[in-house]
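Heads up: the protein sequence lines correspond to chains A and B, in order.
Counting along the first sequence from 1, when you hit position 16 you're at 18 in my numbering, and nothing is skipped either side.
Counting along the second sequence from 1, when you hit position 96 you're at 127 in my numbering, and nothing is skipped either side.
Among the hints, erroneous ones may be present.
To be verified - Example chain A residues on the side facing chain B (calculated, C-beta under 8 Å, incomplete): (1) Glu43; (2) Pro45; (3) Phe47; (4) Gly55; (5) Tyr74; (6) Leu76.
Stated by the list, open to error - Residues on chain B that point at chain A, a partial pick, calculated with CB under 7 Å: (7) Gly59; (8) Leu74; (9) Asn133; (10) Pro135; (11) Phe138; (12) Gly139; (13) Asp140.
Hints are computed from structural coordinates only; laboratory data are not their basis.
In this text, all values refer to a predicted model and were calculated from it rather than measured experimentally.
Note that the Cβ used here is the ideal one computed from N, Cα and C, for glycine as well.
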Amino acid sequence: GQNIDQPTEMTATEGAIVQINCTYQTSGFNGLFWYQQHAGEAPTFLSYNVLDGLEEKGRFSSFLSRSKGYSYLLLKELQMKDSASYLCAVSVDRGSTLGRLYFGRGTQLTVWP
Amino acid sequence: GAGVSQSPSNKVTEKGKDVELRCDPISGHTALYWYRQSLGQGLEFLIYFQGNSAPDKSGLPSDRFSAERTGGSVSTLTIQRTQQEDSAVYLCASSLEAGPSNQPQHFGDGTRLSIL
């Protein structure tokens with residue numbers, strides 16, 4: 003099976019930087035996604051990594067190390083609206099499961115003023 | 032439409048009744064997924080459809096659950112003889128395609144199902 007771990011909760015203050023880690027153990031790794039989900043709303047796509055390294059998108063960056071089974075999402079210049087659950091999801095490449103995502107339980111981030 | 036549309040947004044029903052949930056994916060998206068999200072749990076994969084291929088049903092928790100996708104577009108998820116443990120938010124997602132290109136999945140707002 004697939005095992006994806008991320009912290010349950012994190013807190014930070016407005017304007018700060020926060021790093022949300024995700025570790026995974028999968029077979030047939032085919033990429034890693036980060037999603038943001040506000041309470042009662044749909045998850046929205048943030049980033050995708052398939053090669054090692056850092057992908058930067060404005061205030062959000064995502065890093066991947068395939069050899070270590072590790073990713074992080076970095077949020078800079080935190081704003082109150084960044085309070086949400088951040089979901090790490092792994093895509094596997096294994097026959098009929100191609101395209102299916104395996105999700106972690108999500109990290110609930112609370113940003114304080 | 033502009034995004035993935037799901038209906039109803041909320042459904043309350045009695046234990047033992049059947050329910051049908053609907054998903055209308057983004058136009059042109061060939062891949063469609065159903066997930067379930069229970070309180071404090073991650074998204075649990077249920078089933079996915081890719082074009083005209085046989086669906087991947089490996090995530091369906093029991094034979095009370097079934098899904099169809101008609102004409103490669105709208106999908107319905109049916110739960111028969113509902114149980115209280117079926118209470119959850121059911122999310123539908125679609126993407127341009129499934130496979131090595133890893134197109135991101137776009138989610139609907141979900142159907143919040145409550146079984147009394």
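Now the hints, each set against the structure:
| no. | hint | result |
| --- | --- | --- |
| 1 | Glu43 | 6 Å, holds |
| 2 | Pro45 | 5 Å, holds |
| 3 | Phe47 | 4 Å, holds |
| 4 | Gly55 | 16 Å, violated |
| 5 | Tyr74 | 18 Å, violated |
| 6 | Leu76 | 19 Å, violated |
| 7 | Gly59 | 16 Å, violated |
| 8 | Leu74 | 4 Å, holds |
| 9 | Asn133 | 5 Å, holds |
| 10 | Pro135 | 4 Å, holds |
| 11 | Phe138 | 4 Å, holds |
| 12 | Gly139 | 6 Å, holds |
| 13 | Asp140 | 5 Å, holds |
In summary, the structure is inconsistent with hints 4, 5, 6 and 7 from the numbered list given earlier, while agreeing with the others.
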